[in-house]
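If you read the protein sequences in the order shown, they are chains A and B.
Take any residue in the first sequence, count from 1 to its spot, add 175: that is its number in my numbering.
Take any residue in the second sequence, count from 1 to its spot, add 175: that is its number in my numbering.
Hints were generated in silico from the structure; no laboratory data involved.
Do not take every clue at face value.
The list treats identical chains as one, so a pair stands whether inside a single copy or across any two.
Said to hold, decoys possible - Below, a list of computed lysine-lysine pairs in the BS3-like style, where the Cα atoms sit at most 27 angstroms apart: (1) Lys411 with Lys465; (2) Lys406 with Lys287; (3) Lys568 with Lys541; (4) Lys543 with Lys302.
Every value quoted in this text rests on a predicted model; they were computed, and no experiment measured them.
If you want the building blocks of each chain, they are given just below.
2 protein chains.
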Amino acid sequence: VLCDISLEDAQEIVLQKISVVTGEDVNVFDAAGRIIAEDIFANEDLPRYPQSAVDGFALGDSLAKTDSTYRILEYLGLSDWPRYQLKQGEAAGVLTGGIIPDGTRAVVPHEKTLIQGNRLSVLEQVKPGNNIKQIGEDFKQEELLVACGTRIDSGCAGVLAAYGLCQVPVFRQPRVTIISLGANVVPCWQKPLPGQTRDCNSALLAALIKQYGGVLYSVKLANGMNSSDRKSYIDKIIGEVDLIICTGETYTKEMNSAPSFPFAEEIGAEVNYYGIRIQPGSHNGAAFYKGCPIFALSGNPAACAVGFHLLVAPALRAMQGQSPYPRYLRARCTNDFAKKVLRSRRFVRGHARYSSEGWEVTILPKQKPSMVRSLISCNALIDLTPEQLPITKGTEVSVLLLESLF
Amino acid sequence: VLCDISLEDAQEIVLQKISVVTGEDVNVFDAAGRIIAEDIFANEDLPRYPQSAVDGFALGDSLAKTDSTYRILEYLGLSDWPRYQLKQGEAAGVLTGGIIPDGTRAVVPHEKTLIQGNRLSVLEQVKPGNNIKQIGEDFKQEELLVACGTRIDSGCAGVLAAYGLCQVPVFRQPRVTIISLGANVVPCWQKPLPGQTRDCNSALLAALIKQYGGVLYSVKLANGMNSSDRKSYIDKIIGEVDLIICTGETYTKEMNSAPSFPFAEEIGAEVNYYGIRIQPGSHNGAAFYKGCPIFALSGNPAACAVGFHLLVAPALRAMQGQSPYPRYLRARCTNDFAKKVLRSRRFVRGHARYSSEGWEVTILPKQKPSMVRSLISCNALIDLTPEQLPITKGTEVSVLLLESLF
Chain A
176 VLCDISLEDA
186 QEIVLQKISV
196 VTGEDVNVFD
206 AAGRIIAEDI
216 FANEDLPRYP
226 QSAVDGFALG
236 DSLAKTDSTY
246 RILEYLGLSD
256 WPRYQLKQGE
266 AAGVLTGGII
276 PDGTRAVVPH
286 EKTLIQGNRL
296 SVLEQVKPGN
306 NIKQIGEDFK
316 QEELLVACGT
326 RIDSGCAGVL
336 AAYGLCQVPV
346 FRQPRVTIIS
356 LGANVVPCWQ
366 KPLPGQTRDC
376 NSALLAALIK
386 QYGGVLYSVK
396 LANGMNSSDR
406 KSYIDKIIGE
416 VDLIICTGET
426 YTKEMNSAPS
436 FPFAEEIGAE
446 VNYYGIRIQP
456 GSHNGAAFYK
466 GCPIFALSGN
476 PAACAVGFHL
486 LVAPALRAMQ
496 GQSPYPRYLR
506 ARCTNDFAKK
516 VLRSRRFVRG
526 HARYSSEGWE
536 VTILPKQKPS
546 MVRSLISCNA
556 LIDLTPEQLP
566 ITKGTEVSVL
576 LLESLF
Chain B
176 VLCDISLEDA
186 QEIVLQKISV
196 VTGEDVNVFD
206 AAGRIIAEDI
216 FANEDLPRYP
226 QSAVDGFALG
236 DSLAKTDSTY
246 RILEYLGLSD
256 WPRYQLKQGE
266 AAGVLTGGII
276 PDGTRAVVPH
286 EKTLIQGNRL
296 SVLEQVKPGN
306 NIKQIGEDFK
316 QEELLVACGT
326 RIDSGCAGVL
336 AAYGLCQVPV
346 FRQPRVTIIS
356 LGANVVPCWQ
366 KPLPGQTRDC
376 NSALLAALIK
386 QYGGVLYSVK
396 LANGMNSSDR
406 KSYIDKIIGE
416 VDLIICTGET
426 YTKEMNSAPS
436 FPFAEEIGAE
446 VNYYGIRIQP
456 GSHNGAAFYK
466 GCPIFALSGN
476 PAACAVGFHL
486 LVAPALRAMQ
496 GQSPYPRYLR
506 ARCTNDFAKK
516 VLRSRRFVRG
526 HARYSSEGWE
536 VTILPKQKPS
546 MVRSLISCNA
556 LIDLTPEQLP
566 ITKGTEVSVL
576 LLESLF
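Next comes chain A alone, as it looks inside the complex (with noise of 0.2 angstroms):
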């Protein structure tokens, strides 16, 4: 077992083990947020007709010349197809959307014309091409629509269902399953006793796989649960579940030993690592079961949150075909951070906005693990080396840029 890593090494470890969740199809209504799983191709040119983009009339020919007048051969509908050549002199009504006859030379709006009978006199100069909308000038025949592993948003829905393509296919959301080892951690509905906790760590990693794609599986509390019941309950889900959290509780007792993930052994899962030169993190660790990874993490919210998003947020990512890593970017800083002995890379908690002077960064107050304030409006992680500190006002920082619900 690899103990005390780098971050980096850390997150490759699992990385390289990590394989991507199968794909299943999604209604295009109900797709937004999720991560396509194939390259979509344009199977026809959009329009597949030349069509009109206003309510006016197609013209034939000797177009730019102001009053000169057109014999309108029809009012065209929305439904009609005209198969003849426009000649010119002639003009045919057309609507917006509406196919346009072949040899239109140009469209002009009908608030720009005089009608008499059926002779049309056009009050404008008119460019060629005008007002019309070509064959496939806004996608072409076996154009790239969407990229394997792009999030979903509206404009990305728009262009699918414009190519008929109600069932999506997308990467299934991988199913995460939380366990919280803690022997005196209560679920979060019940009165602790002196001395017992509630569990507020599974509502916030509720969030945060939600945040990721992921789907919460289940929740489990092993107060009570023996090592028997604990291995019962992992083997009943495995098979299940593509990510599995265990917090709290995740390292000896004893005193002297070499730090270790004791339950990843009692289940006989393979550890990869345990223990990672950052702070927090000395409780952060890694194992696989029937190649499902399973991340230990700490008890203490702020840990626990920041292990998720350096750990299990790049293996949620690569799971749905993703780049796993977060967007790191240069901020300054906005106040001042009391230097602290430090042997390793800290993680702060902080606020991030943007100005017209570009980034700065807040670093939040109450940064103890144990607290869960920092988490509030923590929308960055602040990675300081020990050399950085202490970081007075004005400090440029490295940052990294936490995925934001919405």
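Go by the hints and put chain B onto chain A.
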């Protein structure tokens, strides 16, 4: 009916008539992304008891002397609640999160101690308060935890769960109906005949409704319905839905007649405005029917999306107790945009991103309102006045940053 009004007037006319939707309770595990409908206050201190932050020993007095020794009174379990006073020279074994005895000056981690029977030697300098989680250090009783109107993220969910708020009071998701009025529009799963168009706006709008916290109530294609069918449909759903969006065919085909909102007039709704002095926007309108806002948006997909962001999104946000308007920022344009003869302000689709140099925005290709392509990777609208055009690369422009789904 107000015609050809400013964007700001159009927004305000509707917002003044919008009321907040009712609330409902959701489970904290499902609450991510929802909007809190009440101010939530701490009903007790967190933590409620002074706790240890590490596994180790709670120490009585006489700190700060290396190699000072203590008598170990007992090893406390996590559920124990020690009711005695720790005195000079006394120590008690404690676990992370466990309640510490009164009189504890500091807690020392076990790896910094030596134990011989019931004698404890401390191997490091200890400062008063070290490794103690004080009562209320995270939150104090009666403090505001989460303000009404806050979107629930992971940190917020964690705080609510820590306080046992498992049923979270949130605003109900506004229910939205989409009515596609175009006579040549067919469902997106249907192969269009020549002259027909697949309904791509409804899928586009469904994603936008989700993004802005609403929920799709129904999608109705009015193709083939007569005026009385359409009125019956509205009368059936009114009272159930919070907002109605009509797309396409919203404006009179008669030449020289004033622009209007015929569908709203047909059902007897009070029309508030029709036509806005922006591009695209001449087809945008709003009406109220029995207290329900009805928006008219263009049938052209890009114009439809712009209309949603500028007019419908503020209404949806206001219904959920949120500040209605989006964020504006200044960005450097990375490409040229050819001059167009414009009478009015124009909203151009763009892709904004930040770099170490600040914000930049790329004007996306194919800006015709009828095209869907410019909605691909569109995360910003660029707000251009006629005086600003043409735009040359490097020009600073005003950008409305769109909410992203993730």
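Indicate which option fits the pair Lys568, Lys541 if close means a Cα-Cα distance not exceeding 27 angstroms: within, between, both or neither. within (17 angstroms within a copy, 45 angstroms between copies)
With identical chains, the pair Lys411 and Lys465 could be close in the same copy or across copies; at 27 angstroms between alpha carbons, which is it: within, between, both, or neither? within (12 angstroms within a copy, 54 angstroms between copies)
Within, between, both or neither, where Lys543 and Lys302 count as close if Cα-Cα is 27 angstroms or less: between (69 angstroms within a copy, 17 angstroms between copies)
From the Cα coordinates, with 27 angstroms as the cut-off, is the pair Lys406 and Lys287 best called within, between, both, or neither? neither (79 angstroms within a copy, 34 angstroms between copies)
Of the numbered hints given earlier, the model fails hint 2 alone.
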